[in-house]
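Participant: Residue strings, one per chain:
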Amino acid sequence: MSLIWTSILMPVVGAALVAIASPRLSKWISLLATLGSLAALALFAFEFPAWNNGQHHPLEPGSAWLAAAGIRLSVGFDTVSLLLALLTAFLMPLCIIGSFTAVTERVREYYGWFLLLGASIILAFAARDAILFYVGYEFTLVPMTILIGVYGGTERRIAAVKMFVYTFLGSMFMLAAIIYVAWEQRVSSGAWSFDIDALTATAVRLPASAQYWLFASLMIGFAVKVPLFPLHTWLPLAHDQAPTAGSVILASAMLKLGTYGNYRFALPMAPAGGAELMVVVAVLSIIAIIYASLICWVQTDAKKLIAYSSVAHLGLCMLGLFALNPVGAEGAVFYMVNHGLSTGALFLCIGMFYERYHTKDTDVLGGLAKKMPVWASFMVLFTFASIGLPGLNGFIGEFLCLGGTFIAEHDGQSGYPGLLGPRFAVIAGLGLIMAAMYLLILLGKIVWGPLREPHHDAAHDHSTAHSSLPRDLSAREILVLTPLAIACIWLGVQPQPMLKAIEPCATRMLANYPDEVRRLKEREALAVSEDAVSPGVVSASTAGGVP
Amino acid sequence: MDSIGPRLTLLAPEILLFAAAVVAAVLGLSRRHAVRAFLPIFTCLALIAALVMMPLTWTEPRAVEAQLVLPMLGAFIKPLLAGVGILLVLVSAGSVDRGYEAAVARGRTIFDPQRVVAGEFHAFFLFSLIGAMLLCSATDLIWIFLAVELVSLPTYIMVAVGGSSRRSGEAAIKYFFLGALSTAVFLYGFALIYGSTGSLELQGIQTALAAQAAGSGIDAMALAGLILAVLGFCFKITAVPMHFYAPDVYEGAPTHVTAFLAFVPKVAGFVVLAVLLACVGWTGHSLVDGDGVRVPYAGLPTPLTAVLWMVAVLTMTLGNVAALLQSSVKRMLAYSSIAHSGYLVIGLLSGGVGIEAISFYLLTYGVMTTASFAALAALERRGEEVNEMNDLAGLRQKQPVMAWMLAVSAASLVGLPPFLGFFGKVYLFVAAFEADQFALVVIAVINSAISALYYLRLATVPLVAPPSARSEEVTLVPSRWPWVAAVVAGVGTVLLPGFVNALVESAEVTSRDITTVTTKLPAGASSADQAKASAAASLSSTASERP
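Protein sequence lines correspond, in order, to chains A and B.
Heads up: the first sequence begins at 1 in our numbering, then just goes up one per residue.
Heads up: the second sequence begins at 1 in our numbering, then just goes up one per residue.
By construction, these hints were calculated from the structure, which means they are not laboratory data.
A couple of the hints might just be wrong.
[What the hints assert, rightly or not] Listed next, with one range per pair, are the computed distances between beta-carbon atoms: (1) Ser328(B) x Met437(A): 49 to 59 Å; (2) Ala39(A) x Pro478(B): 44 to 54 Å; (3) Gly498(B) x Ala39(A): 25 to 35 Å.
All values derive from a computational prediction rather than experimental measurement.
Every residue gets a Cβ at the ideal spot worked out from N, C-alpha and C, and that includes glycine.
Just chain B, same shape as in the assembly (with noise of 0.2 Å):
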């Protein structure tokens, strides 16, 4: 295949981190306490050298000399993978083998290889985000596949092994078989693609949507089989109606873990299904009026736009409103998570601000949710996990720095300005405006302000109310890079929107090569717009005739 060549060295930053991620099994096997505490450092250093080499690697006659369907988007993608991988690995240092390696050091038991688990966590870790990475690239509907499932199989595991507990274990067998289910709900909708296109590149793909548009319109087949892939990809970004596991999986799964999970797969589901409707495209459609006179229409096609209507506003909705009633903070940032992707899915229905949209919020997001988990997993009570709202009760008195973080990320969340959320909300509106979602855009507003409610009480709870009894005994956890990745990552809330120019001109690019036509013209509009203005014109009409 003549674009092998190309293809190879965008994957070259993919390469490394696999060559690390061999290296990583190993080291965490050494018999030297040096060497394993090393280990997260090793991993930092790897996501870096590949985030140095991204930029180099990923120019643009590259990418469209490689069929990719969204040339730019890994451009922007990879790097906030990278980036925010950097701190879910501090978030994630110390908590692995905690307790086995006291033990170690305090001479209670030998070190046996055996059973240390440190080693793959970080080649797990690793593999999870070069499958996040790889669907940047994707080619076809097997790669895409096989990516997933790279992205999935080493959460699995990671949720069983990250932490001690017994929850772990039933979230891991949770998530397991829900991942499974939604992998045949996916693959059965790409059988249908590939039934109704007869292909399985995406350019393919493509060009017979392309050619089914132009004629009679995208055929019930393909429309069916995207319907269902829509569907399946539902839960690796926690959307209705596959969000039922996170909830429980996020609670149960070790904190740092839980952090991976909200942004690492969802970034992944998102990265797909914006190489998967960008093979439908956002333009050449057709709508059929009321009269039967086709008109073309820009956006996706209509059954594609109902779905991610309602998977959009049932998401924010049940995350906004489930979210209020939880005692239980992860629980609560759960739901948060669910929210989130329901204003993501806006972007999806408008094609390149749309895109941009989603990127730039991914951004916002992963810094923010990061801050907020990464604090929480910074502090302990009693060798436990700290779950319980009321544990975080006046938590400034004993830990300021960590009620802060809190409380910042919690203003971020709510898209507070000037805070970083703020500017990925605004972001979103636009694209939600370009699709002419008016009534979506009311719905996100609504939903806001629901979770100002809960967000509030995050913010508020370390803040402003008196200390419990059970949050007089949070401490900090021994590893101190939870500490600095919320740090990091809680600053970085508040000083990012002072270059949000660059940050924003940077996920300009990942819509680039992406044809939409803006839903309104300034003169000489489309006759979709003409259409619109005309009925608009008779109902001002009517409405000054009215009776």
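Only chain A is shown next, with the shape it has when bound in the complex (with noise of 0.2 Å):
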């Protein structure tokens, strides 16, 4: 068996062991799931030899699933879907050790489906066929609904019926379009096939009106997902009501699914409707961005505030896929992978002193620093990666996907013409430096100046229910974090060896794009030119009309 499945199934493996073993095994075990399921990409990654041309590997098709209807189970990387299966696969035992201590019932469910849930990701990363990567799209939303449903806090219920529905929503229209392109693939070519691959020169084919409604609703199913303005609503919730490391996992990694998507689906497989569409996603992403920050700027609840600042930064990452050109992209798929260790981290810092207080709140809460040294290092540590403090990982994503958005202009002098341009830049950077003021309120609050702790029965807790948490953080939190600390560093000293391999990626996904956008401007110039004929007509040209 190939590397790739084991990677997959020792979580799932380890989840029907889980449902056996005792609850004291059980922690154990899912850690060694997850520990072999990151030994094996990890494996499989040193050995990997498309890091540099942007193609699958391996490319053989998989064993026929449903052979009547084409469906396989081809599994591969290229280099982006590599990097985000290895960031899912390496937060994952740092979740299981993170929650030893935060989960005390229904401990065997617990990891049971934490396991499934990872495991469902890194199949919806490694497939190749349309099919399979949907059945792990979707069947994340299963672990997630009952982590949230059943460990979370008091809005929980309302919380996971929300997530699910939403994303429901969106993947079934995802679905739809999947299948019509198969069907038209089925048509042209006699046989049924799910392989992206095929679908994808499949697509690319159709009329412009087809792909518009193609992208449309591909970009339903993803926009979910990311979630973008105004889809967004469920995402706090969720967040807020999440034990952490189901909030870990849903923003560094199932979040990651939506805007994989539009790298792997959407863009790619319809070229005219994304370049008809461009720009209404990017004033979306801009509005998510600059409203996201806004709240945050309001929000008193610590963990309330990173999610919506997840809003943000994902609308940053997708202004940056949307700017249509290499530099964009190559900042958008770098900020998903970064997004989720440092927005992943922050999570965990937050749990942590959530165990300790019982509150997010903080106005109640303040001045850490002075209790909590090694917490509070950790946590400045985050929030300036988090920010984009040059030196840390941050930084470069987002300076690449505001520059990708500066320079896609209506002249581009790069060879990939684009709609965006220094106006879209330069509001978008304005959101980011709402980003950079309401994090370092946060710090302000939670970490420096006078220590506050909650005076009524919270400290009667912490003397009591949770003397086994020491003040500062236990050696075993420390061990969480530092990997972390150590990737966000490393990643933002030394960007060049990720973003080389993430480039050929990123032209091969933009590659019909500059001939469709040149068509759309060539289009709106003969558009413009004629209103200036008749003027008595009212212009129709918003770009993004229905062709």
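If you follow the hints, you should be able to join the two separate chains into one complex; please do so.
Facilitator: In structure tokens:
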């Protein structure tokens, strides 16, 4: 069995073992399973021959699952999906270690579902068959709904249902779009296939109007997952209610399925639709950045604040992706990985003080640097990474996304004409300044300043129920945060190898775009000139209109 | 008649089951308790024997020789009926005569053969199944009429005698009167079809309709007859506008009979609709376009398409929206069953793939809906049926297996991958694209998302919610067979996707000998496609020249 399947199936086997093991043993089994999965994936990455050519590996089709419909168990990675899968596999054991004390009841189920969640995310990244992707993509909902619904906060039921229904509606549109392309492919070639490359080859040949709708349907599915304004309302609630480890995986890996879906499906499959709708998506992304930043500014719940900052950050990531040039796309992919690292770490940090104080309210809690210096150092580091301080990982991605947007001008010199340009970059940059402000305010409140602790029963809790937890971080908690800190610093100092590996994938994804955008511009220029001739006619040439 | 020999061979399983039904009716009167308790097992054995006979007797040359319109439909549907029938027998085992048998066992009363109904119940159970199987080998309208009545009449009685509650009597009366009304409607339709074509034989009707279609189009009388017949059979498949009885009857009938009603009459209805529409054919019709030019049109004649389209949309939307509002589990499942009929009707709109999709979907629907009803039938509260959603709250703590089976069947009913229901839905979407019904796909997608809300309740209330005062009293029924049936069906929804290839291949035979035209052809497309293509081209050209 290949290393990829090993890394997917290790957690599944782990989940099966956890189901029959004793609760005490279950955490060690799941830790082993996730470490095994990470090791298999790391081994695969070590031998990965396609780091620098943007191809998939392995390329041979998998065995048939549903031969009649051409559905195959094909798995393989290109650089982007491998990086995201590695990120997932890297975070899984950390989350498991981080949950050792947080979860006290229904322990076996917790670890079982958590393992299945990891497996299905890795499956979605690894899949080279659209239906297999969909299985992984959609199945993530089951464990996540249960993790939130059982182990979440007081509003957990609503949060779980809202997350499920929003995402399910979106992904049904996506499924319909995938089946539509597969059907077109069957009609043109005579045989069913759900191979993503074959589907892409078919989809780019469709007429522009079909591509428009195809892009829109795929986009609905992925926009819910990203989440893009105005479909983001499920996310803050889900984050707020989810247990810490659930939040980490949700922010770091599950949301990346949305941006990855754009990279893998929506953009390459429907270039005509993508070019037509890029401005719409860019505007929505910018609204998300500004709107979420403003909410963060007045947010007193630390976890919700990070959740909204996630919405803003992923808005920036989408903006970079939809700049439709390699700089922006590279930045977006790089940012996906780094957002996963820094935001995941921030959720872990918040979970750690929540376990001690049972509150996330920044009005009643503050000045923790005095009591928890080690925790405070980590918190500051990850916040700076999230703000995008030069030298840390967040900076590179943000800078490239903004840069890509900036140069995506009407007459771009890079060979990649775009429609965004400095206007968009400036407004998005404003959002980043706001991000720095609200995150620094958060730091100012809970890390620095005079020590404030909740005075009611929390102190009592602190001394009795959680006497097992030391005042500052335990060795176990430091063990969880250290790898993340190392990764954040290392990628901030040494981004070049990774960026170089992403570049061929980015250019490959954008292969059809220069022509499409040029065609779109010519059409608009024509419309504008006709407008000048007949001024009586109301201009209908808003970009993004129905063709 | 020369085709009598092959027909009799085709009917061998039905003949066997008929004999078994007669024996069952006698066995039920035995004074010995062991013999009466043996009844469900005897019925199962008869069904297994029939199941074994089916592939031996139903061969393609024989079916063609018997002059069937859809020769291989029975090759899939009959084993499906027998297989799910075995599960349904298990669901009902121990429920019929339960109070009386308990009294006899405790010596409270002396056994009186006139007061037991188990014998009749099992005989009628088999009769109804036989009726549905006979429909597969129908060759004329009278045969269809008689077989449909053979399906229906026993079910009226089963609703009345299957349980002891008052409400089942009310349900039986309602079911009977509305059933009689629907029979009148489709008989009127049959009369009109006969009036127009001059034939009762299905193949004669097929020839006559083909001649009409080749001439000036199918005449109004035949179309009116077909539409009335379709509407009449909407009763059997619980589709709008004949769905009104379903919630009341499903709720009032004992749960094990509800499981039967949700499957067998529905299969019968879809078999009849498939056969009737196959007489019309999915090709060779023509459509008058805007310029008065006749273009050959792949698909049913426009009025039939319009009727089926409306039935599909109204049925699935009404079913899903109404299911949202229910607090009774059985009513909710009744509306869910209505919604699934709406999805299934989509398959009727396209020929070959549609019939395959319906056959396969009926399989998935049979397994998952039986799982949910069997789990309900396995539970009781103070000797009463479990009906309120509240009864199931926190079921996981006391009856973990049944709670899981409910959750699994809900996940499958909503169409979550990788459960069985997902594949059924994919197949139906393919059929919808084949019939060029893009709007229907979008409506079905939105409906699936609505259905997620209430199926999620069915999954999370037993698993996640805290137990209520009512649910504390929920216990298993004395008979273990419903429990077994729920586990078998529930595990089936999880494991059958592994064998989905074989299942789809066997469903594919059902569309043999249907002449269909793929609506789009790759090269040298039919003139309809060229017309469509030129329309699309003119559309896009106007778009580009748009002021």
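Participant: Taking the earlier hints as the rules, which of them does this structure contradict?
Facilitator: Hints that this structure does not satisfy do not exist here, as all of them hold.
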